[in-house]
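Going line by line, the protein sequences match chains D and F. Counting from 1, position 110 in the first sequence corresponds to residue 103 in our numbering; the numbering is continuous, with no gaps. Residues are numbered in our numbering as their position in the second sequence, beginning at 1, plus a constant of 97.
Hints were generated in silico from the structure; no laboratory data involved. One thing to keep in mind: the hints can contain errors.
[As the list claims (entries may be wrong)] Stretches of chain F that chain D covers, calculated by requiring three or more beta carbons in the stretch to come under 8 angstroms of a beta carbon on chain D:
id : region
1  : 109 to 120
2  : 200 to 206
3  : 219 to 231
4  : 274 to 282
[To be verified] Heads up, simulated DSS-like pairs for lysine-lysine below, C-alpha to C-alpha not over 27 angstroms straight-line:
id : chain 1 : residue 1 : chain 2 : residue 2
5  : D       : Lys150    : D       : Lys90
6  : D       : Lys150    : D       : Lys179
7  : D       : Lys(-5)   : F       : Lys130
8  : D       : Lys118    : F       : Lys387
9  : F       : Lys169    : D       : Lys(-5)
10 : D       : Lys90     : D       : Lys(-5)
[What the hints assert, rightly or not] To give a feel for the contact side, a few chain F residues facing chain D, derived at Cβ under 10 angstroms:
id : residue
11 : Pro127
12 : Phe132
13 : Gln133
14 : Val136
15 : Gly141
16 : Gly184
17 : Leu188
18 : Leu309
19 : Leu311
20 : Phe314
21 : Gln327
22 : Cys365
23 : Gly368
24 : Leu370
25 : Gly372
Every residue, glycine too, gets a C-beta built ideally from N, C-alpha and C.
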Amino acid sequence: MKLLLAHALCLSVAATCLFPLVWMLSSSLKTQSTIFSDMRLWVPNPQWGNYYWAWTKGHFGQYFFNSLVYAIVVVLGVILTSSLAAYAFSRLRFPGKNILFIVLISTMMIPIPGSFIALYVLLVKLHLANTRLGYILPQINGGLALGIFLMKTFFDKLPQDLEDAARIDGCNIFQVYWHVAMPLAKPAIAVLVVFNALAVWNEYLLAMLVLSDRSLMPLQRGLMVFQGSHLTQYPLLMAGIAISIVPIMTLYFLMQRYIVAGITAGALKM
Amino acid sequence: MTWNRFRNLATTYLFILPALLFFVVFSIVPFLKVFQLSVFEWDGISTHMRFVGMQNFTQALFHDSSWWVSMKNAGFITLLALTAQNGLALLLALIVDREIKGKNFYRVVFYLPPVLSGIVVGLVWNWIFDGSHGLLNQLMSHLGLVCWTRAWLADPTTAIWAVALIHMWKGFGWGFVILLVGLQTIPRELGEAARVDGAGEWAIFSRITVPLMLPVFFLVSILTILGTMQIFDIIISTTNGGPGIHTEVPITRILAAMVRSLRFGYACALGVLFGLILLAVSILQMQLSKWSSRFS
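Extracted from the complex, chain F is given alone in its bound form:
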């Protein structure tokens, strides 16, 4: 190798070196460390780590009911987000895609909640759902519905619904924007031609829009699942998992194992388990997406 070529190659590697360093130190090392820690019992401070093999995993899988409650809670919110939130996003995208007037206004306003932090959103909604001074209860009292008033976020029957509502309020605008971008890539002529041929609204929607939008639908659902299952900020700023464990979610359980119980190894095992579940969901969705692309 000539000196010149060597110098060129060295400069080239200098370009990627900073990114590579970040990547190794802050992505690769923690990634491997999670797996390593997951087979130890460790309080995070002491120099001694006790090797326990698969014990953390068997405990999480078979003896930790609150972990599975947290999975169920996140799953419930995810289910609502997939149906109600994305349904609303699609409906609004379909409307705005056609109504030219106010398109930009709606896009700006609907995307406002996603721009806010989960903490801010949670704290503001706290103040609306509050049991004694909350806006919702005051409104109901004025309307003569005193019997319906309650501490929405502290009542076991409503807490999970209230949290899900806040999450969907924050999230629908994001699905709306992606779906709208997707809709606008569909050539106008397709719909117009079909209309000339006498096709109704529903036929155009189900025969043209849906098949062409399938890849976007899958993308939005996979991102909704990954995002909602890992819900955290809104939980911690509203219910903090309560009342009881009615709104616990996987991330709050992992944090509790780490910070409250000082069981770093167990927290890592929960993380690995949760990561594998999310990975399985992603792979399933991608397979479905591939399979569905045969129809469009």
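Next comes chain D alone, as it looks inside the complex:
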């Protein structure tokens, strides 16, 4: 009896999680006239054309491409920058190492709710406002704290022998980092890929402040622009939303075991 109740609760919560998504998908296939009257989840006469219109006339194709570029560049930037620094913090000896590490990690973690104002002012001064670079660089910085922390923890656990052997064979520090340590760090890198891709894909505030040209906007910003100018075009808006979550859902289902690992690591960091 208790078991049944437990399962019923879990299942109903799961249904509550899934329902809005299913509803969104089903609405994206209805027409402007049936969407307000037809309450069925199953759409007998699906309007796949909605997706075509959202992609072209709604500019979601352009937004999609932009989001993809931002996600890829930021992920690569975070992995490269943070793994280099983490390797130095883990393996190399230099004056000021511990203090620098603590300062880097702790200051990056303290939330400063107003810092986006100063960041915006800075980007304007650097002539980076309304440019792709101006949107990318702050987000790379945003991923560094978790990146350095995760990669350092991982490098710390790697056995030193392999790297010593490579050094004896004549590799320099950089070659050891690139050819020995990085390939071994794949699990940590996977966590960083998932987390940063999710963060960039879902980012909105910075996009709103920094980007004003539609040709530069990522999906989240595009969704808001679309909703602002086509207030009642629900089927197209729902199709746009569906387009925006397909890649993130794919990434999530393919790499979800890394997500749990990442949350735990992120939580431990505090």
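Use these hints to put chain F onto chain D, whose structure you have.
Only chain F this time, still in chain D's reference frame:
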């Protein structure tokens, strides 16, 4: 210093240089700049900045009622998130921790909303809560509850509840995953031994689970507070602070001061004030956590 040692050290610094550059330009400089700007009156464009000292802060503290309404609104949502959302997360984690069947399924499904963006979640729920065509109202009409239908996100009495509900829908799966990971680190033998000794479910929960989980509880609550107080995406994609200022939150107020009123200095002062409040909460929580660790 020999040439070789110098070269080694130079290479080492080359490893941390990119991270350091990012850190200085995009973290340190904005951080200091916020404090600097907070004592000026500046429209963000003109070359002239007028020094006003603490005036921005005294205005925020004593003469800006909508700022404190926004704090109260975010506080209300945070309170609901701490109790209802985390309570549900804990209950589900406790159930799933024991039920082996479907553990992975539930973990995947419950963590689905946290993976979505606040914008997407807000826009989809808009469509459910909509006053004229929304699913919720249509459902109520079908059930003969026409008198209950309303524009859930535009009605002053329900707007904040509706926003809080959306926020909790999006967030509970995240608490669930952390709590589940925490529960699974508790050795099974502890509970089994207690059961052999005749302890009931409640005794096991309150004497074994809770004390061992206290650090995780504190972690989840501190992250819930920090995350919920800074709620923004869901607000802007649903109510945009309205109706009136019934769902304004601190971040929307800071943005309004900056973008709408072009008062960059004042926006920074609000940011500093808000940051200090969050910092105080974090320190308090950490002290509580330290104090509580004596019991586990």
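Here is how each hint holds up against the structure:
{"no.": "1", "hint": "109 to 120", "verdict": "holds (count 9)"}
{"no.": "2", "hint": "200 to 206", "verdict": "holds (count 5)"}
{"no.": "3", "hint": "219 to 231", "verdict": "holds (count 6)"}
{"no.": "4", "hint": "274 to 282", "verdict": "holds (count 3)"}
{"no.": "5", "hint": "D/Lys150 <-> D/Lys90", "verdict": "holds, 18 angstroms"}
{"no.": "6", "hint": "D/Lys150 <-> D/Lys179", "verdict": "holds, 13 angstroms"}
{"no.": "7", "hint": "D/Lys(-5) <-> F/Lys130", "verdict": "violated, 58 angstroms"}
{"no.": "8", "hint": "D/Lys118 <-> F/Lys387", "verdict": "violated, 44 angstroms"}
{"no.": "9", "hint": "F/Lys169 <-> D/Lys(-5)", "verdict": "violated, 40 angstroms"}
{"no.": "10", "hint": "D/Lys90 <-> D/Lys(-5)", "verdict": "violated, 55 angstroms"}
{"no.": "11", "hint": "Pro127", "verdict": "holds, 4 angstroms"}
{"no.": "12", "hint": "Phe132", "verdict": "holds, 9 angstroms"}
{"no.": "13", "hint": "Gln133", "verdict": "holds, 8 angstroms"}
{"no.": "14", "hint": "Val136", "verdict": "violated, 13 angstroms"}
{"no.": "15", "hint": "Gly141", "verdict": "holds, 7 angstroms"}
{"no.": "16", "hint": "Gly184", "verdict": "violated, 13 angstroms"}
{"no.": "17", "hint": "Leu188", "verdict": "holds, 8 angstroms"}
{"no.": "18", "hint": "Leu309", "verdict": "violated, 16 angstroms"}
{"no.": "19", "hint": "Leu311", "verdict": "violated, 15 angstroms"}
{"no.": "20", "hint": "Phe314", "verdict": "violated, 12 angstroms"}
{"no.": "21", "hint": "Gln327", "verdict": "holds, 6 angstroms"}
{"no.": "22", "hint": "Cys365", "verdict": "holds, 5 angstroms"}
{"no.": "23", "hint": "Gly368", "verdict": "holds, 1 angstroms"}
{"no.": "24", "hint": "Leu370", "verdict": "holds, 9 angstroms"}
{"no.": "25", "hint": "Gly372", "verdict": "holds, 5 angstroms"}
Violated hints, listed in ascending order, are 7, 8, 9, 10, 14, 16, 18, 19 and 20; each of the other numbered hints is respected by the structure.
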